[in-house]
Amino acid sequence: LPGTSVTIDGTTLGATTDGNGDYAITGLKPGNYSVTAKFLGYIAFTKTITVGNSVTTADFTLKPQNTSLNEVVVVGYGTQRKKDLTGSVVSISAKDFNQGPITTPEALISGKVSGVQITSNSGAPGAGSTIRIRGGASISASNDPLIVIDNVPVSNSGIAGIDNALATINPNDIESFNILKDASATAIYGSRASNGVIIITTKKGKSGKFAVDFSTLNSLSKIVKEAPVLTAAEFRDVTSSAQAGLTTAQKGLVGTSNTDWQSLIYHTAFSTDNNINFSGGIKGLPYRLSIGYLDQDGILKTDNLKRTTVALNLNHDFLHQSLKIDFNVKGTYTDRKFANQGAIGAAVGFDPTQPVYSGNSNYGGYFEWLDASGNGNPSTLAPRNPLGLLNQYNSNGYTKRTLGSLTLNYTFPFLKELQANATFGGDITDGMGNTYIPPTAASNFNQTYKGSYSQYFSENYTYTNDYYLKYTKDFKSIKSHLDVQAGYSYQYFHFYTKPENTYAADKTNVTSAAAVSFPGQYYIESPFGRVNFTYDDKYLLTATIRDDRSSRFSELRRNGYFPSLALAWRLKEEPFFKAMSSLSDLKLRVGYGITGQQDIGPLFPYLAVYDPSNSSAGYQFGSAFTNTLRADAYNTLIKWEQTATSNIGFDYGFLNGRINGSIDYYYKKTKDLLFDTPVPDGTNLTNHVYANIGNLHSRGIDLNINVNAISTKDISWNIGYNVSFNRITVDNISATKDPNQSIATGGIPGGVGNTIQLLKAGYTPYQFYVYQQVYGKSGMPLEGVYVDRNGDGSSLNDKYLYKHPNPTVFMGFNSNLAYKKWNLGFTMRANLDNYVYNAVQASNGAYAGLKFQGYLNNLPNSILKTNFSQYQLYSDYYVENASFLRMDNANLSYNFGKVAGLRSLRVTANVQNVFVITNYTGLDPEVSSGIDNNIYPRPRVYSLGVNASF
Amino acid sequence: CKKNLTPEGQLTTASVYKDFNNYKPVLAKLYTAFALSGQQGPAGNPDVAGIDEGFSNYLRELFNMQELTTDEAQIVWNDGTVHNLHDMTWNSQNEFIRAMYDRIFYEIALDNEFIRQTTDAQLSKNGITGNNLVLAKQYRAEARFLRALAYYHAIDLYGSVPFVTENDEVGVFFPKQKSRAELFAYVESELKAIDGDLGNPRFEYGRADKAAAWTLLAKLYLNAQVYTGTGHYTEAVTYASKVIAAGYTLEPNFKNLFLADNNTSNEIIFPIESDGTHTQGYGGMTYLIHASVGGKMDPAAFGINGGWAGLRTTPQYVSLFSDVTGNTDKRALFFTDGQNLDINDEYTFTDGYAIQKFRNVTSAGVKGSDATGNFPDTDFPMFRLADVYLIYAEAVLRGGAGGDPATALSYVNKVRTRAYAGSTAGNITQGELTLPFMLNERGRELLFEMQRRTDLIRFGKFTGDSYLWQWKGGVKGGTSVSSNLNIMPIPSTDIINNPTLVQNPGYK
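These protein sequence lines are chains A and B, in that order. Anchor point for the first sequence: position 571 equals 571 in the working numbering, and the numbering is continuous, going up by one each time. Anchor point for the second sequence: position 369 equals 369 in the working numbering, and the numbering is continuous, going up by one each time.
One chain only, chain B, in its complex shape:
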């Protein structure tokens, strides 16, 4: 008998691309893979395995990699090897490091599949013509952007990783590793190549547009010294300038950037979305908001049904602010009532100041749309204008051409004036605009925005003993750690499954 029985009504790969109505849902999945953990919100049909579904979310793992490893965040819970992140005692078997890696390659594989199925030849074969053809090409460019973004995270976190594109068929094979510099060149070329096909800045909220690609290029160039050994600060200035000229404006009230209606902000260049009704998951913003709430914090003020009592910050981070009340610098969003400044016990929520930055209430104080109070409407601002201002300033300070120190200062002071609620009291002088200041300013501006690890590495403060924070190295006072930790290990699962891979230095 040759009869094939399939689940009744389910689409097969052979049929899905014949109908243009399916293209947008497939594209939407490529975006959703950053925001959610699977096809059933909030959980139940996961994208990746080997880890709890709620943990497997891209954004949640990016937070764990970029924030838990630094002075900005320390977690209370006893989940698997999560404490090894802040203690900087991780190894290649750490499931969170694996989950991030798997998520990056999941995103790349999905993007590859869509790009493979929407080549000019495939589109023609499937009878996609006219305006649909134009749209399909734009979708394809967005898929290439998302793939570049995932590779950017791979470069930043893991250095040299296996390389797969749409030219590899789905199956089981051993993709070869490319060096960090080769991957850098690939991401750079991809982002430049899609410029013509992407939509104009702000053409539709939530979609990757030209400005998103420029921002990513600016970030890539700013860190080029770390990734390739060669600085590309001039290009960083160039692309930051393009973004700044693209019509974005700073959100007047800093706090509003992190609220349930932040999708209306004119500052956000590229968000990872969350929605209490339509985009539900236990990773991403659900994690970020619930885990931050505990102790005497009132969950209702955060628009949620209860806190998970997980995340606090170290006193070293707190010391970036001279006034922790938030009365002068509005970015000092600490919750101190009942909290100790010091983290004496890693497992106690009330040790360490809590952070009240992201909330599931609108700027008008209305709770988000989810009646259960689990899932926030608050989007994550992956790229926003203030970050680009600071990139511009830092690139100029590091010698990038095409910009000037006075403009750099004006951008930094725009960010600070907004932080001081319109007052120029916090503005700095040209003389105060130094590289050490930039690291601290980025810390103040971008707390919990998944930049910190990259920033500390770029400034040489992540490993070694030039900057110690509580529990760095697993001891309360903090201790020096080996510089090989600047790059994460390739997970042991992939080392085993792909014998062609070479592990990063210092890891087994």
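Chain A extracted, bound-state conformation:
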């Protein structure tokens, strides 16, 4: 068993076992010793050894304690045994991660944790995910959970040059995720904890023999499905039909080619992910060094991500184990070639009867629609050739990230109950890149200086210092155990974006002046404390408090206190339950806490500032131009959002833990919700200001169950299932508590400034605000005929709130079956009652798309059913039930064990995105915003991997 501590009782001598479970203690005089072997989660074992003059061997066989209960769980600023937890905390370690070609960390746990919804934003390489823990607690402010990587809370702000900041972390370096869900667990993170906290811990070095592990995973990605549009033949039929009513001129535009634009822009993409890591101890100093290299092509042609990661961990115990040092540093370099994603929408809408190439050399040889005036230039309003968009676009992003932390933990030799802990962390990211569009490209052809060249550079950094003292003491006489912890945390954030002009392709002539920007900075400093008290091993109490001070608020409102209290009762220890032999664990947890949200959009909404214009927003006085200074709106009274969460839950285990899980009910109420809200006109320096005006509440149930169905020598079968119910309701979004206040949101294509969703008191956020479609006898929608809901004789003012994108139920299911050296696993997820507005069909689905002068648009095949002549953007016909069941991953592996001089060899085969079952008619039902507008398709990925240890 690696990592077991073996100590000689009564001395300070000892050792830790290496990767093979071996250990050695030297310097002992001959004699009898009492030797103890300890490992968390196992029953400590002591035996008496007689040591002679030669090497004496003492083998220990440790028996596991009651399954998982003794697992150590990482909580804020420290660790706790799982059995001592009072809050809702879920720990997922590497052995339970999702398998397969996973390039960004959060995908490792997608579908694994009840109450945690992870939706990948697109199928692009390195694309991020929308992570929602219990649905989020905010509206305007961020709903992203706080992510802490090796004790460093990382900023939510993105990095230029890559889709997603988390994609700079190599998933292969991650040891565990600990997800803190309720306020009693998160309140120690105070003003950033309302949306839950995800603590990511990376792999550490272990002392022992030098070991090398190598893994390679090679994948092919293929498009699963194209957006349903008319084929060239169908398009010809439609354009010649009487229903479409095309003019002769428009009919004359129909071409003779048969082009499937979507199949032209996608390809089968190859990617390879290779990792090698070295571990061992140099003179007893355990280390782990890993190097990873990912080269991933997107299924959209020209899309690519290359990522090189290096991670180093050093840890050691000094001064007879009283000083522990843990040092982590991760360096990442990414080289991202961005494809022009505008090609996706263009391919959906481009006329399939036109050829790819025009036969002449204009516009790079690509066929383009020309201006109706006949001047020979590309039309301004027509879509561009999808393949031309891809190939006449060169955009590269480069990011560098260094994320590191040093943790020192000192146990006072004269007072073993007292520990001092200090963490110093830093996170520096640089993102830069450029985009070049050649002068021949149709997109920028109509200007004097053709083409386009732009570049960008931005740098964010944060550093953090945490200090705490922890006192731990058993009071055996009163059957009590006490943990007291007090600390102080300081974190500083800095953001800088370099102002850059946009140039013509010649890189000299400026076509757009740089924006004005100021480097932003703020800090959060916070004393915090925690008390854990256990009585009789049955009754547990945890209380925490954090006093956050964020410089994003005025001195009047800077302080925020975030307390929490939780109680747990280990019912299993009561005689009544103790007698039930099949019940191996039962614990009741009750918690309450207040958390905050300070990630509110603008950096300093309280500050009265004057904002300068850039050089293209000036004004002419006489013959001279002057740049301007604008007085910005401000609100000195702005403060934290506050969320009060109550949680009640049970942890249970049967049959010695072979069946275990938990069930939690929660109720969250957010007050002082920050809204960028309309102000009474004329009172502030614009028509809106950030103010604490709203309230919302959410409630739900998280349930999970893990079953070790079969456990024999040859076969083991583990099944996990989780289900979450969540409902969010807006209570108020108006400063005057007016229930009629509504905020339009959810922009859709088909016209500028059009929105489809509404925020309104009494409703779930982001419900669709639409007309109720009337259907004809054939079951088809009648164009422009909507239900007159208010009975005023017209349907003009009859939009209603209908459905929402949030699933009210979502679940995950995973299974892992091992037979001898074979392993077969899969994970599935399902969302129920989530609705999606099919913007692809709504904004293209009318014959009006064939009536723009000088060009034709392709139409979605729904036109064959609807026969709409004008766009019906607000019809609830386009709000579709997007409930789905998706198999995220299926994998099969064979472990050869020790072969050919290798310590181990494992071969795996994987399929990702195996199938989706849904009634949704668009490309993919999983759209976190609820508005399906030409999403980058999530591919199906087939991969083959080899893991070898030397």
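Heads up, a few of these hints could be off.
[Stated by the list, open to error] Below, a sample of chain A positions facing chain B; criterion: calculated Cβ distance under 7 Å:
id : residue
1  : T56
2  : T57
3  : F60
4  : Y449
5  : Y453
6  : F457
7  : T502
8  : N687
[To be verified] Some residues of chain A that are not near chain B, with every Cβ distance over 12 Å (derived):
id : residue
9  : L220
10 : G292
11 : Q321
12 : T808
[What the hints assert, rightly or not] Below are the EDC-like pairs computed for lysine to aspartate or glutamate, each with C-alpha atoms no more than 20 Å apart in a straight line:
id : chain 1 : residue 1 : chain 2 : residue 2
13 : B       : K3        : A       : D792
14 : B       : K357      : B       : D323
15 : A       : K799      : B       : D87
16 : B       : K3        : A       : D547
Bear in mind the hints are in silico, worked out from the structure with no lab data behind them. Here a beta-carbon is modelled for each residue, glycine too, at the ideal position from N, C-alpha and C.
Keeping the supplied structure of chain A fixed, place chain B upon it in accordance with the hints.
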């Protein structure tokens, strides 16, 4: 910890007025707020929210209110509730009506802030003395003019609105409504009060001067009957006369008034500027020029990279001209090739004659300064001499004292002679100078110059059925609409946010 961290290098309100070099940039913002949508040209750092930034521009919304609601303009696009404007089916939730209202109050709030920070006491506290002090007072008077202009638009469009001045602090409170007549009296008194501090007519292009204030007074008085129930035509004559005497002359070639070098014209009294390099935005003139171009119109002839195929006019407007070719009356700037006279389909650009009035080319035919062809150099002539001539004539016809019919006729004929390229063939007789003629003449002269709605209301033709144009009331042939539409609704957002407000009649 009490340490305040602020964005490095950014000016705070506390520091900005200590340095006189900042005064002119702040003043320039008060002007720019009519012309642009934010601090980053062309877009990216908007002034107001709740609507697409390009839509949020003052001038663009003023066009939408004053022109899309009338016989002069109809738009093709499917943007939000824009069709409700021409269909006259708007309500208090119309985002364009809200954007105009928000823009008016944005302008007023910025003006108030500058006036508040430049009181005599503040100037003295900040150590502004000597010539700087004289200039600061002139700037302050210009801010008061711009605020009066914004309130004038509020009176004209919304009637009774909340009232805020420099005496209200920045924050969140519930300003009280003033009646249309009270606001009229306030704007009148403000414009008179600043007369001494404003610069003389034409002292510097782009700046508000005494003549700008007189023109605004003349327009206010001309419409006083509508705003207050009492006519003030004598004062309209008085102030129009002051402007006419101030040294402006008609631009000899009508077309040149709307070109990229119109800043050199001696006719423009007060412009809202646009510049292809330094004053870029998607509202205002960018919208007006691009949206007018479509169909077979060659974008290059308009100095732009492409048309947006949006705006056309109704056949009722076209009928104001006996010759639509522009060969006789040069103001008939229609584009008819490939366009139908009738608007059978509201969503088709080729239905309805297009308008080729504003262009981003100079009088010498040179394209404007923006190499991308997006942003024009063409300024918008908010006030110009021909308008003042017509105000004079109409005020005299309506009984204003201090002027005479013969002078009125001579002014009208000056405008018509210019329209007929120097020929007197289009001149009219004293007998032909009637009020109905004035409405039509203003239509011909001021097409797309954001006067039409106000003019139709003053002549009682905007609502009801005495004048129908295609798609008025949402039907092709046009239909009668309720007279409450003469005043726009106060946007529902402000009704909700300011519970002291009372909605205009006929709206919820």
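Consistency of the hints with the structure:
1. T56: Since the shortest Cβ distance to chain B is 59 Å, the answer is violated.
2. T57: violated, 58 Å
3. F60: This hint is violated: F60/A lies away from chain B, its Cβ roughly 52 Å from the closest one there, beyond 7 Å.
4. Y449: The hint holds - Y449/A has a Cβ within 7 Å of chain B, the shortest such distance being about 5 Å.
5. Y453: violated, 13 Å
6. F457: violated, 16 Å
7. T502: This hint is violated: T502/A lies away from chain B, its Cβ roughly 9 Å from the closest one there, beyond 7 Å.
8. N687: Result: holds, 4 Å to nearest chain B Cβ.
9. L220: holds, 41 Å
10. G292: It holds; G292/A is separated from chain B by about 36 Å at its closest Cβ, greater than 12 Å.
11. Q321: holds, 36 Å
12. T808: holds, 29 Å
13. K3/B - D792/A: violated, 59 Å
14. K357/B - D323/B: Satisfied, since the Cα-Cα distance of roughly 16 Å is no more than 20 Å.
15. K799/A - D87/B: holds, 19 Å
16. K3/B - D547/A: Satisfied, since the Cα-Cα distance of roughly 16 Å is no more than 20 Å.
Checked against the numbered hints above, the structure violates hints 1, 2, 3, 5, 6, 7, 13; every other hint is satisfied.
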